[in-house]
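Student: Sequence:
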Amino acid sequence: MSSPVTDRPALNFEALAQRFDGPGVRAIALLGSHARGDAGIYSDVDLQRLVDAAPGELPPGDSHLIDGHLVVVGTVTPSGVEAWFTEPQQATNMIAGLQPARALIDRDNYFGQIQRRARAFRWDAEMQAKANTYASEQMVGWIEEAHKGLQGLMLDDVGRLLLGRFGLSWGLLGIVKVQRGVMLRTENEMLARVVDSVGAETEWALLCRMAFGLHEAGQPPPSVYDEVRAGLRLYVETAKLLAHAIQPQHAPLITQTVEHIEAFL
Numbered sequence: 436m437s438s439p440v441t442d443r444p445a446l447n448f449e450a451l452a453q454r455f456d457g458p459g460v461r462a463i464a465l466l467g468s469h470a471r472g473d474a475g476i477y478s479d480v481d482l483q484r485l486v487d488a489a490p491g492e493l494p495p496g497d498s499h500l501i502d503g504h505l506v507v508v509g510t511v512t513p514s515g516v517e518a519w520f521t522e523p524q525q526a527t528n529m530i531a532g533l534q535p536a537r538a539l540i541d542r543d544n545y546f547g548q549i550q551r552r553a554r555a556f557r558w559d560a561e562m563q564a565k566a567n568t569y570a571s572e573q574m575v576g577w578i579e580e581a582h583k584g585l586q587g588l589m590l591d592d593v594g595r596l597l598l599g600r601f602g603l604s605w606g607l608l609g610i611v612k613v614q615r616g617v618m619l620r621t622e623n624e625m626l627a628r629v630v631d632s633v634g635a636e637t638e639w640a641l642l643c644r645m646a647f648g649l650h651e652a653g654q655p656p657p658s659v660y661d662e663v664r665a666g667l668r669l670y671v672e673t674a675k676l677l678a679h680a681i682q683p684q685h686a687p688l689i690t691q692t693v694e695h696i697e698a699f700l
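Basically my numbering = 1-based index in the sequence shown + 435.
No lab work stands behind these hints, which were simulated from the structure alone.
Backbone N, C-alpha and C define an ideal beta-carbon position, used for all residues, glycine too.
Be careful, since some hints might not be right.
What follows is a set of in silico ranges between Cβ atoms, one per label pair, in the way DEER data are often shown [what the hints assert, rightly or not]: (1) Lys565 to Gly648: 29 to 35 Å; (2) Leu700 to Pro458: 34 to 40 Å; (3) Ala652 to Ser632: 40 to 46 Å; (4) Pro535 to Met589: 20 to 26 Å; (5) Gly547 to Thr637: 36 to 42 Å; (6) Gln654 to Gln548: 48 to 54 Å; (7) Ala652 to Glu492: 51 to 57 Å; (8) Glu579 to Pro494: 24 to 30 Å.
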């Protein structure tokens with residue numbers, strides 16, 4: 436039996452880009468799995484539209500369903516492009532994806548220059564210093580979720596547990612990704628790449644998997660209570676892992692949070 440997904444026509448990417456062209460557009464590039472050549476039948480089409488600082492009225496970006504394909508269009512100004520190369524969170528998300536990207540529209544070789552810059556990018560001492568500061572700030576930023584986890588366990592409050600679980604899994608994973616400069620081709624590989632960077636058999640990695648609810652075949656899945664407890668312990672392990680990156684102004688808050696968690700567990 437056929438399905439709407441398998442029956443849909445193939446996309447002409449150059450023609451697709453023309454639908455999102457307009458005044459002030461300097462380039463439109465195809466990123467993601469379709470640019471790499473490993474797209475599946477449910478893969479979205481990822482277009483980045485690079486525009487002047489003050490472009491004219493443009494066809495709307497965001498998400499579209501075109502000939503059965505999900506097409507996601509991002510619109511980026513020069514300041515946004517510069518952030519890809521100067522802000523560690525942006526760099527870890529974008530640089531590796533730019534390297535195999537395919538220009539569909541490229542006026543004055545604008546995207547070509549950006550792509551060459553991405554291919555030559557190096558994670559230097561200045562970027563590492565920014566990444567350390569970012570990680571330290573985020574360790575403070577996710578303290579509220581640690582408290583929700585603690586309070587949720589104390590009160591058996593599922594709402595608090597679910598909120599805490601997000602910060603104590605995705606939040607902490609994102610911190611380590613940036614601090615260690617893990618450059619992602621796709622967000623789909625984030626968990627595996629970050630875990631590998633720390634060490635697949637480390638306590639941090641084992642707790643991280645449990646915080647996400649992963650378990651070995653044949654073993655019962657962890658409950659939300661188990662996941663939050665693992666996430667709280669993961670916060671403690673992350674504080675140890677990043678001890679050298681914690682900024683003096685953030686240390687008291689992080690240390691107190693670690694003490695609260697250790698006393699509770």
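Student: Hint by hint, note whether the structure agrees.
Tutor: To see whether the hints hold, each was checked on the structure:
Range check, Lys565 to Gly648: Cβ separation about 32 Å, and the 29 to 35 Å hint holds. At roughly 58 Å, the beta-carbon separation of Leu700 and Pro458 lies outside the given 34 to 40 Å, and the hint is violated. A hinted range of 40 to 46 Å is violated for the C-beta pair Ala652 and Ser632, which are about 25 Å apart. Range check, Pro535 to Met589: Cβ separation about 48 Å, and the 20 to 26 Å hint is violated.
Taking the beta carbon of each, Gly547 and Thr637 are about 41 Å apart, inside 36 to 42 Å as hinted. Restraint check, Gln654 to Gln548: a C-beta distance of roughly 51 Å satisfies the suggested window 48 to 54 Å. Taking the beta carbon of each, Ala652 and Glu492 are about 54 Å apart, inside 51 to 57 Å as hinted. For Glu579 and Pro494, the Cβ-Cβ distance of about 39 Å falls outside the hinted range of 24 to 30 Å, so the restraint is violated.
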